[in-house]
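Asks: Read off the chains here:
Number of protein chains: 2
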Amino acid sequence: MYIIFNPIQMKRLVAGVDIDRVATTLALVDEFGKIYAKSSFPTSDHKEFKNYVARLKDEIDILSEGLHIPHTIEAVGVGAPNSNYYTGDIENAANLIWKGRLPLGKQLSTLFDNKPVVVTNDANAAAIGEMTYGGAKGMKHFVVITLGTGLGSGIVVDGNLLYGHDGFAGEVGHIIVEKKNGRACGCGRKGCLECYASSKGVKNTALELLQGSSEGSRLSKIPENELTSKEIAFAAKAGDPVAKKAFEIAGEHLGAALANLIAVVSPEAIFLCGGVANAGDLIMFPTKRAMEKNVLPLWKGRVKLTFSSLEYENAPILGAAALAIKEIEKKSVVVARRKVF
Amino acid sequence: MYIIFNPIQMKRLVAGVDIDRVATTLALVDEFGKIYAKSSFPTSDHKEFKNYVARLKDEIDILSEGLHIPHTIEAVGVGAPNSNYYTGDIENAANLIWKGRLPLGKQLSTLFDNKPVVVTNDANAAAIGEMTYGGAKGMKHFVVITLGTGLGSGIVVDGNLLYGHDGFAGEVGHIIVEKKNGRACGCGRKGCLECYASSKGVKNTALELLQGSSEGSRLSKIPENELTSKEIAFAAKAGDPVAKKAFEIAGEHLGAALANLIAVVSPEAIFLCGGVANAGDLIMFPTKRAMEKNVLPLWKGRVKLTFSSLEYENAPILGAAALAIKEIEKKSVVVARRKVF
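Heads up: the sequence lines are chains C and U, in that order. Take the first sequence: its position 8, counted from the start at 1, is 7 in numbering that gives the first Met the number 0, and no numbers get skipped. Take the second sequence: its position 227, counted from the start at 1, is 226 in numbering that gives the first Met the number 0, and no numbers get skipped.
One chain only, chain C, in its complex shape:
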């Protein structure tokens, strides 16, 4: 007679964390993108960055303790503004209350018994999320463009994020698209793509059009500080010509820039996500038209332009979780190189 022991099957999870100006959202996630627990807290609750990191650790512990299935947390992935994958630091983030270089990766890893903590910007996390759980499954070369307040990009080359020499590659939002009389950008220069194709860009275009337009637009009734790209999309869907034009101009700039980006990295597909992407065809049609018009003949009709297939609300934490999973996979790759010459 045999006695078979059934050891308790431990669920292997990672923590995905999304840090933005207002809120820090965190979740425990498995390899299939299933979210087991989720919470959030105000990012600016703690004046001291060290206390913020301790709080983040506590919040992950609280999620873990509340989860009534046996599990381990193997790693933490974090999407945060101005963060550097190579160092794990957040560097001079204009949108956060702490200044200078913030050693998020190191401090959090120390609190977690030196478990892997991976930090990158939200657009890079979105790209890894798309590859792990979304429409880029199985793709080796693709780009994710996040159209939010700013314009971010995550570029995947040969199945890996393109971090570049210093960890900051993929600043597609800061490609200069208007050399003459370009709009002033938050980066201190003029004419960046972000000034035209982000939600701020769409709003500024609408405001410019309203100044010069004699057509009656419902947007003129909205106070300037209440005007958002969401409101403009709403008006455009109702047929407002100024609102429609604002998205067309955003798409023209974005599509032309994507055509140039294709010439550099030759991706299989480009995914759009973020607030402006929620405008749907309003932004997709003019972007696709401009991309196809401007791209080198060899790529005409050959690069897929589509929306992210991740659920908008959960995309950032899924991306961060996927980043952690990818990191664990990377560490398990054994490379044996022998000298051939």
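Watch out, some of these pointers could steer you wrong.
The list treats identical chains as interchangeable, and a pair is accepted whether it falls inside one copy or across any two copies.
Claimed, not checked - Think about it this way: if two alpha-carbon atoms lie no more than 25 Å apart in a straight line, the pair counts; the simulated SDA-like pairs of lysine to any residue are:
(1) K178 to E207
(2) K189 to L304
(3) K37 to R182
(4) K49 to Y85
(5) K303 to N91
Rather than coming from a laboratory, the hints here were simulated on the basis of the structure.
Given the coordinates of chain C, assemble chain U onto it according to the supplied hints.
Replies: Leaving out everything else, chain U in the frame of chain C:
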């Protein structure tokens, strides 16, 4: 008593081949970039592509037979226009006499008992040459720009060439830099960087300036079909204002485009090579000025812009040879991946 056998030490070499419109140059090269034998023949000697490949094989054999040290040829690397690393094919090369898809890699490998034959475009080969034998030794992220009749680029990411989804990434020459009233490009579109910063671009700028200029320029005495970027550089060095201005305009376009390229791939360094690069400071100064003026603040003064350190004449065959060496190294990397989740 021991008898020590000293087996003959076989020198391990690769063949590097550079195919251009006029000549095919080939050489036997070792891992240190030492050239053991070199020859060339007219590319258009053979109407049939199959006969051309057979000739190429014969020429490599002739070099090998003439070399009086024991050696093996381990692989062949080829730099050729419009060629695809993934397939080994040359595809629709406007500058070669054979049309359509030419299976160079497969045919040459068959003749060489299935030894590895690697094919890529000349700019990619130049980048691998720079990494193996030149100024990019030890670099993981850098770009080589070839300023010849056209403008090519080889982009290295994480120590590997960026080929993209289809093998055609790195078409920096076809980034559109003039959206309005751009010059007609050979690709069928308008305003490509190649139209301004290649030798053809410098020439066209000089011709435009001559039309509008009342200043006496020595260039106006050279018949249009004899005017080259080399002549313009010569005149510029002698103080000719039109010639100097032509290089300044080329550098302004190139530098601004490089600033945008840095935002995408964040390289450690950018190397310039090819005919226009021989103009030295005439092209370097305005390019560097425009690059630094236009680049995102985070990269100001941090990306090295310099000339290739490979000897101009041998750079293409050294690049092709390095490509073959890199391929052999790649094949020797054993990757064992275990499932972690």
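Asks: Give the relationship of K49 and Y85 under a CA distance limit of 25 Å: within one copy only, between copies only, both, or neither.
Replies: Close inside one copy (20 Å), not across copies (49 Å); limit 25 Å.
Asks: Checking K303 and N91: alpha-carbon separation at most 25 Å within a copy, between copies, both or neither?
Replies: Between. Shortest inter-copy distance 23 Å satisfies the 25 Å Cα cut-off; intra-copy 35 Å does not.
Asks: If the cutoff is 25 Å on CA atoms, where do K178 and E207 land: within, between, both or neither? Let me know, please.
Replies: Answer is both: 18 Å inside a copy and 21 Å across each meet the 25 Å cutoff.
Asks: With identical chains, the pair K37 and R182 could be close in the same copy or across copies; at 25 Å between alpha carbons, which is it: within, between, both, or neither?
Replies: neither (39 Å within a copy, 55 Å between copies)
Asks: Within a copy, between copies, both or neither: which one fits K189 and L304 at a CA-CA cutoff of 25 Å?
Replies: Between copies only: 23 Å across, 27 Å inside.
Taken one by one, the earlier hints fail for this structure only at number 3.
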